[in-house]
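Novice: Take a look at the letters that make up each chain.
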Amino acid sequence: MSEPVTSIRRPVRLEYDFTAGRAMSRFLLGLAEGRILGQGCPECARVYLPPRGTCPTCGVPAEEEVEVSPRGTVTTFCVVNIPSQVLVVPVPYVCANILLDGADVPIFHLIQECPIEEVRMGLRVEAVWVPAGELKATFESIRHFRPSDEPDAAYDSYREHL
Amino acid sequence: MREVAIVSFAQAPSVRRETERNEVEMLTPVIAEAIERSAISRKEIGFTISGSSDYLAGQPFSFVTALDAVGAWPPIRESHVEMDGAWALYEAWVRLQIGDVDSALVYAFGKSSPGDLGEVLALQLDPYYLAPLWPDPVSLAALQARALLESTGYTERDMAEVAARSRRDAQSNPNAQVASDFSVDDLLAEPYLVSPLRKHDCPPVSDSAAAVVLAAGDLARRVCERPAWVRGIDHRIDPHYPGVRNLAESPSAALAAREAGVGDAPVDVAEVHAPFSHQELILRDALGLDGRTAINPSGGALAANPVMAAGLIRIGEAARRIMEGNARRAVAHATSGPCLQQNLVCVLEGD
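These protein sequence lines are chains F and H, in that order. Quick note on the numbering used here: the first sequence kicks off at 2 and runs consecutively. Quick note on the numbering used here: the second sequence kicks off at 10 and runs consecutively.
These are calculated hints, taken from the structure and not from any lab test. In this text, all values refer to a predicted model and were calculated from it rather than measured experimentally. For each residue, glycine too, the CB sits at the ideal point set by N, CA and C. Mixed in with the good hints there might be a few duds.
Computed far set for chain H versus chain F, every beta-carbon distance over 10 angstroms [as the list claims (entries may be wrong)]: (1) Ile-40; (2) Glu-53; (3) Val-79; (4) Gln-106; (5) Glu-128; (6) Ser-192; (7) Gly-226; (8) Ile-246; (9) His-249; (10) Ala-263; (11) Ala-274; (12) Arg-293.
FRET-style restraints, in silico, Cβ to Cβ [stated by the list, open to error]: (13) H/Arg-231 - F/Ser-70: 22 to 28 angstroms; (14) F/Arg-23 - H/Leu-142: 50 to 56 angstroms; (15) H/Glu-12 - F/Ala-46: 38 to 44 angstroms; (16) H/Asp-135 - F/Val-80: 55 to 61 angstroms; (17) H/His-249 - F/Ser-8: 20 to 26 angstroms; (18) F/Arg-160 - H/Glu-268: 42 to 48 angstroms; (19) F/Glu-135 - H/Asp-190: 53 to 59 angstroms; (20) F/Ala-138 - H/Leu-202: 36 to 42 angstroms; (21) H/Glu-268 - F/Ser-3: 56 to 62 angstroms; (22) H/Glu-199 - F/Arg-11: 32 to 38 angstroms; (23) H/Gln-180 - F/His-162: 51 to 57 angstroms; (24) F/Ser-3 - H/Leu-202: 38 to 44 angstroms.
Given only the sequences and the hints, what does the whole structure look like? Please build it.
Specialist: Here it is as structure tokens:
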């Protein structure tokens with residue numbers, strides 16, 4: 002009996018033209034101008050960031066544009082000790098959920114320019130943008146967040162957004 | 010069996026390429042319209058289910074993202090099929106049989122334009138024997154058309170008549186993508202695309218979305234003047250590998266039609282999911298439909314074929330004719346897989 006066939010090569014590659022959609026397009030184009038744009042729900046008044054065009058809680062269109070602050074509060078964080086295949090950040094580094102002032106949904110980003118043992122819930126941070134000439138319609142226009150040297154936010158100010 | 014009816018239907022107009030809106034943004038107004046027409050409040054809907062394919066969107070778990078269009082809070086009972094929304098409707102019908110919930114939202118989205126639909130559909134085939142050869146859906150359908158023409162009395166003229174009628178009827182369907190008034194002779198003078206198929210024998214590539222609301226018993230009667238009652242529904246499947254089937258006929262469609270009770274009484278209107286013209290000929294025979302039944306007054310899949318939504322749209326179009334009082338008994342059919350491999354048949358009746 003001949004040897005069994007244990008593998009065949011069958012390369013598959015599909016290409017897609019991604020449709021960002023109206024909401025994400027506005028958000029990404031805002032980043033190219035150094036602005037952070039969310040959307041407010043007409044029913045529950047929450048401001049979603051990044052915006053999706055709808056309120057996933059109420060299931061209604063949420064198209065009112067709301068510019069939020071580049072400053073915010075760390076609502077939770079972790080310290081990563083696993084080197085990333087794709088992120089060029091030396092370990093250990095800090096990932097955090099950051100509730101920007103004016104938004105009701107925290108965004109995920111890196112905290113840098115700060116000793117990792119100083120990162121804490123309630124820490125006030127600000128966005129660090131790429132140089133103005135390098136701003137593009139991508140989330141990478143924000144390099145990371147860093148402490149903004151403000152007093153910590155009170156727990157009650159973000160407890161509903163954990 | 011518990012009585013279950015379709016009480017509302019909404020769809021987005023089919024277009025070749027929706028460049029501005031993503032899937033969620035296409036779905037949001039469609040779901041809102043279906044719920045509003047159902048007169049059942051969003052929070053009262055007992056079960057929610059969708060049909061879609063991540064391969065079309067090029068995005069993993071795209072059906073989870075799509076829930077943004079639903080309003081899934083407080084947490085809802087939700088399910089999904091990686092199939093046409095017609096199969097999601099089937100699961101919703103089964104779910105309603107349990108009796109603890111009285112209504113269901115069923116939706117489907119099919120945005121084919123981000124990728125190459127022919128390549129995407131090739132990946133539904135056997136991954137070792139067929140997919141490495143990248144057979145495109147038009148070529149597979151052409152094999153089926155040839156088998157039909159050579160083994161029966163059907164001709165290319167019969168196929169062109171299906172196409173001419175479908176695209177003429179589509180002129181009165183505002184959601185159709187391809188609508189025109191051509192004579193059969195004009196169509197037969199066109200060159201072959203993949204012989205024996207000409208361009209008119211093939212469906213357009215479409216972006217669209219659709220939604221249906223189901224309600225059981227008294228709730229259906231309360232919210233809808235003329236509910237489209239689901240009197241029979243069945244899904245059957247032929248073997249996966251096209252080579253082991255007789256492509257000129259559809260045993261699974263015939264069996265599903267028998268189990269759903271298509272032949273028990275005259276059928277006023279049938280919405281048959283036949284993406285290719287010759288497939289309508291096969292399905293008419295399998296479903297036992299004759300000249301007394303109006304077939305695909307919407308224009309059918311030859312006028313708009315949003316993959317993953319086109320089957321649900323057939324059910325919605327058939328139900329709409331009952332709800333609007335233009336038919337008493339209707340048949341809807343949905344297909345999936347290469348060359349009519351899977352077939353779902355649904356019999357709808359008014360009171």
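Novice: Could you run down the list of hints and mark each one as holding or not?
Specialist: Taking the hints in turn, this is what the structure says about them:
1. Ile-40: violated, 7 angstroms
2. Glu-53: holds, 13 angstroms
3. Val-79: violated, 5 angstroms
4. Gln-106: holds, 26 angstroms
5. Glu-128: violated, 6 angstroms
6. Ser-192: Check passes; 37 angstroms lies beyond 10 angstroms.
7. Gly-226: Holds, since 26 angstroms exceeds 10 angstroms.
8. Ile-246: Holds, because the least Cβ-Cβ distance between H/Ile-246 and chain F comes to about 25 angstroms, which exceeds 10 angstroms.
9. His-249: holds, 17 angstroms
10. Ala-263: holds, 35 angstroms
11. Ala-274: holds, 39 angstroms
12. Arg-293: holds, 35 angstroms
13. H/Arg-231 - F/Ser-70: 22 to 28 angstroms: violated, 49 angstroms
14. F/Arg-23 - H/Leu-142: 50 to 56 angstroms: Cβ of F/Arg-23 to Cβ of H/Leu-142: about 40 angstroms, so the range 50 to 56 angstroms is violated.
15. H/Glu-12 - F/Ala-46: 38 to 44 angstroms: holds, 41 angstroms
16. H/Asp-135 - F/Val-80: 55 to 61 angstroms: Once the Cβ atoms are compared, 47 angstroms apart, the range 55 to 61 angstroms for F/Val-80 and H/Asp-135 is violated.
17. H/His-249 - F/Ser-8: 20 to 26 angstroms: Once the Cβ atoms are compared, 22 angstroms apart, the range 20 to 26 angstroms for F/Ser-8 and H/His-249 holds.
18. F/Arg-160 - H/Glu-268: 42 to 48 angstroms: violated, 56 angstroms
19. F/Glu-135 - H/Asp-190: 53 to 59 angstroms: 55 angstroms Cβ-Cβ, so the 53 to 59 angstroms window holds.
20. F/Ala-138 - H/Leu-202: 36 to 42 angstroms: Check passed, 39 angstroms falls within 36 to 42 angstroms.
21. H/Glu-268 - F/Ser-3: 56 to 62 angstroms: Since H/Glu-268 and F/Ser-3 have Cβ atoms about 46 angstroms apart, the given range 56 to 62 angstroms is violated.
22. H/Glu-199 - F/Arg-11: 32 to 38 angstroms: holds, 36 angstroms
23. H/Gln-180 - F/His-162: 51 to 57 angstroms: Because 53 angstroms falls inside the window, the suggested range holds.
24. F/Ser-3 - H/Leu-202: 38 to 44 angstroms: holds, 43 angstroms
The structure shown violates the earlier hints numbered 1, 3, 5, 13, 14, 16, 18 and 21.
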